[in-house]
Structures are given as C-alpha cells and as structure tokens.
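Please put together the full structure from these sequences, using the hints given.
So the protein sequences, as listed, match chains A and B. Counted from 1, the first sequence has number 50 at position 50 by my numbering; the numbering is strictly sequential. Counted from 1, the second sequence has number 46 at position 46 by my numbering; the numbering is strictly sequential.
No lab work stands behind these hints: they were computed from the structure. One should not assume that every hint holds.
A few chain A positions that, by computed beta-carbon distances, are all more than 12 Å from chain B [as the list claims (entries may be wrong)]:
(1) Glu57
(2) Gly67
(3) Leu121
(4) Asp217
(5) Val220
Simulated crosslink set (DSBU-like; lysine-lysine; CA at most 30 Å straight-line) [claimed, not checked]:
(6) B:Lys8 <-> A:Lys139
(7) A:Lys101 <-> B:Lys26
(8) B:Lys8 <-> A:Lys184
(9) A:Lys238 <-> B:Lys91
(10) A:Lys181 <-> B:Lys8
(11) A:Lys101 <-> B:Lys47
(12) B:Lys8 <-> A:Lys136
(13) B:Lys8 <-> A:Lys101
(14) B:Lys64 <-> A:Lys184
(15) B:Lys8 <-> A:Lys138
To give an idea of the interface, some chain B residues facing chain A are shown, with a C-beta separation under 10 Å as derived from the structure [what the hints assert, rightly or not]:
(16) Lys16
(17) Glu20
(18) Asn29
(19) Thr31
(20) Gly32
(21) Arg73
We treat Cβ as the ideally placed atom computed from N, Cα and C, and that holds for glycine.
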Amino acid sequence: MKWRVVGLETHDAYFNMALDEAISEGVRAGSSPPTIRFYNWEPNAVSIGYFQSMRDEVNLPMCRELGVDRIRRWTGGGAVYHDFEGEITYSVIAPVGIFPKNIIESYRLICGWLVSGLVSLGIEAEFMPVNDILVKNKKISGSAQTRRGGILLQHGTLLYGLDLKTMFSVLNVSRQKITDKMIKSAEERVTCVQLHSDAGKREVYEALICAFTEGKDYEVGTWNEGELARARELAEGKYRSDEWMYLR
Amino acid sequence: MIAFAKQKAREGKLVKVEVEYDETIKKLNITGDFFLHPEDVLDEIEKSMIGLEKDVSFDTLVFKIHEIAGDARMIGISPESLALVIREALK
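Structure, rendered in structure tokens:
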C-alpha cells in the first residue's frame, strides 16, 4: 500500500476539517490514496468534540472579539484551542483494516509515530492511553479518531508553544475569572516542545514527517481536484453551518 | 420541566445530560468529551429514552442503553455511567 504525504499547509478551521472528511470519502471510494497530512490553522480556532455543546464549551463572545474561529469536529473528544504559532496538527486517513481492530492499540500505533518524532528531537515522550502523549507526565499531544464507512481518520495536535491565557479565555473551562492559580495548575498538566527543545517549528515538523513515513511506501503529493471541490463544499455547506455548529 | 446533570464518568470522561420531562421523558440530550464508535449510536440512545417514565430505574436505563449500543465501542464512558447521569438529572 502506498501512502500519500501532504506537507505542512495552512487553512482555516472549516477547510481543514472538510479536507479530512473529503479525503475519507475519497479513500472509501478508491479515488484518494491513504493519506498523512500536516497542517496549521489560521485564523486560530477552537474545535470541539463531536458530542460536545458549542455553547457549553466555547466562550463565543471572546472568540468573536479575538477573531478565533469555532468548529465542531467529526471526531469525539474534548475542546482544543488551535494556535497558529503554537501547534502542528496531523491527520492519518486510511482503510480501517490496516490498523489494529482494538481502538486503543490503533491510537498507540499512530501516536507512536509522533512519539518517535519527538524522541528523535531528544524529547522523552510516551504514549498514554487512551489518546495522549506525555512528556515528564505532562500532556504535549492529544488525538481523536473516528471510524466511518471502513475508513479510519485520526487527527491530533502537537503543542509547540503554549498560550494558556488565550486558551482559557476562549474555552469555558470554568465560569470563574481566569486566575494565575488556574494558569499555574494547567502548566503543571500541559507542556510543549519549546519547553524541552531548542528545535524550531520547521525542524519539529521535519522530524514528524520522518517519523510518520519511516518504513512506509509513500510519495509526497497534493490534493486532486475532486478532493478540493468536495472539501470546499463541505467547508461551506456543513462545517460553517449553524446546524452542524450547534448540533448538540 | 427541564433538568440538567453532569458527572465525570468512572471511565474518565465528562458526561452532561439535559432532560425535558413531565410524567415521562420528552427529550434528552447527552453531551461530553467521550468517544463512541459508531457515533450515530448516541442519537439512538437518546431516542430510546423518550417515553420512559420519569422515575425509570437505573437498571432499566442500563438495559436500554446496552440494548441500543450493542457492539458499539464506548471510550471514557459506559452504559452504567450514562445511566447514572440520566438518573441524576431526573431526580
């Protein structure tokens, strides 16, 4: 099986999530190859899990004030703040049959590629079931997975830098005022590449590409017209719609 | 009346339940940061609760959820933890 690898791109939240779904459809139909992609989010955005409530999880007025996009993902899990400067996101999309049937084991496999990338940078990372990667017992990466129509989509984020103040301001972590104590408590639970390595973001991305492709038959590719057209359709018709945004 | 409950499931994820009811359940909405494969099963679970009496037992809720969920895979929640939050909301 030959993988397609699409290098670091930047899109808005709606197109990013629409691309994941369009590729999933393409892989299912046989018109897209199994794909690994890396991307950034611009504008910055908050994504919520498929089962979450936008109104419950996201400080909508603050997002509007800061120009932060909001989106519901196709995958479960929690709310994530995607900062353009402070994050690298990946997606892996391929037939479910090539992964372990056990969901935790499939997280372990794909997260293992990310762990290898971090280890190659000298960062002692470890997979922590269900879907996290930790460095010195602090979370540096989270992933989410869906299996629909025989296709597995897993996407996840690697924290390169941390902007906890903005993160807390756009998430309804608590109705309380954002306090120094709250920030300190989060700093005890969350970490980022910059706190463990001098590697620049480009270097980190290159380490990830190496780790994700190691031992695989792959070629560096891009999107076909069908994928782009479908992604545009999904971005506008689904992911930007209130019906999807406020599904729960 | 509309009631609300939330609890961190024993399996690790947060579950929130909003339920509208009088003598029976009229509407139920489950949200949270859990995983459920396939995802559409949650809609079916919610629908299966409609019409149940407001004092439905925990065991009945668990049975119903198991019945609907079948082979679905829950991560961070379980039929029992979902039933607990629904029961809490109906108190």
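Here is what the structure says about each hint:
1. Remark: the non-interface label on Glu57 of chain A conflicts with the geometry, its nearest Cβ contact in chain B lying 8 Å away (cut-off 12 Å).
2. Taking the minimum C-beta to C-beta distance to chain B, about 25 Å, the non-interface status of Gly67 of chain A holds against the 12 Å cut.
3. With a closest Cβ-Cβ approach of about 29 Å to chain B, Leu121 of chain A is found to remain outside the 12 Å limit, as its non-interface label requires.
4. Once the 12 Å rule is applied to beta carbons, Asp217 of chain A is consistent with being away from chain B; the minimum gap is 28 Å.
5. At the 12 Å boundary, the C-beta of Val220 of chain A stays outside the reach of chain B, the nearest C-beta of that chain being 31 Å off.
6. Distance restraint check for Lys8 of chain B and Lys139 of chain A: the Cα-Cα separation of roughly 19 Å lies within the 30 Å cut-off, and the hinted pair is therefore satisfied.
7. Pair hint Lys101 of chain A plus Lys26 of chain B does not hold up; C-alpha atoms about 37 Å apart against a cutoff of 30 Å.
8. Between Lys8 of chain B and Lys184 of chain A the alpha-carbon distance is near 23 Å, which keeps this suggested pair within the 30 Å criterion.
9. Between the alpha carbons of Lys238 of chain A and Lys91 of chain B the distance comes to roughly 37 Å, so the proposed pair goes past 30 Å and is violated.
10. For a cut-off of 30 Å, the pair hint linking Lys181 of chain A to Lys8 of chain B stands: about 22 Å separates their Cα positions.
11. As the CA atoms of Lys101 of chain A and Lys47 of chain B are separated by approximately 29 Å, the hinted pair is consistent with the 30 Å bound.
12. A distance of roughly 25 Å separates the Cα atoms of Lys8 of chain B and Lys136 of chain A; the hinted pair therefore holds under the 30 Å criterion.
13. Distance hint between Lys8 of chain B and Lys101 of chain A is fulfilled; the C-alpha atoms sit about 27 Å from each other, no more than 30 Å.
14. Restraint check for Lys64 of chain B and Lys184 of chain A: the C-alpha separation of about 43 Å exceeds 30 Å, so the hint is violated.
15. At roughly 21 Å between alpha-carbon atoms, Lys8 of chain B and Lys138 of chain A fall within 30 Å of each other, so this suggested pair holds.
16. Nearest Cβ of chain A to the Cβ of Lys16 of chain B: about 7 Å, under the 10 Å cut. The hint holds.
17. Because the beta carbon of Glu20 of chain B sits about 15 Å from the nearest beta carbon in chain A, more than 10 Å, this interface hint is broken.
18. Checking Asn29 of chain B against chain A: minimum C-beta separation of about 6 Å stays under 10 Å; hint holds.
19. The beta carbon of Thr31 of chain B is positioned within 10 Å of a beta carbon in chain A (closest approach about 5 Å), and the interface hint is therefore held.
20. For Gly32 of chain B, the suggested interface contact is upheld, since its CB lies about 6 Å from the closest CB of chain A, less than 10 Å.
21. The restraint placing Arg73 of chain B at the interface with chain A holds, with a minimum CB-CB distance near 6 Å, inside the 10 Å limit.
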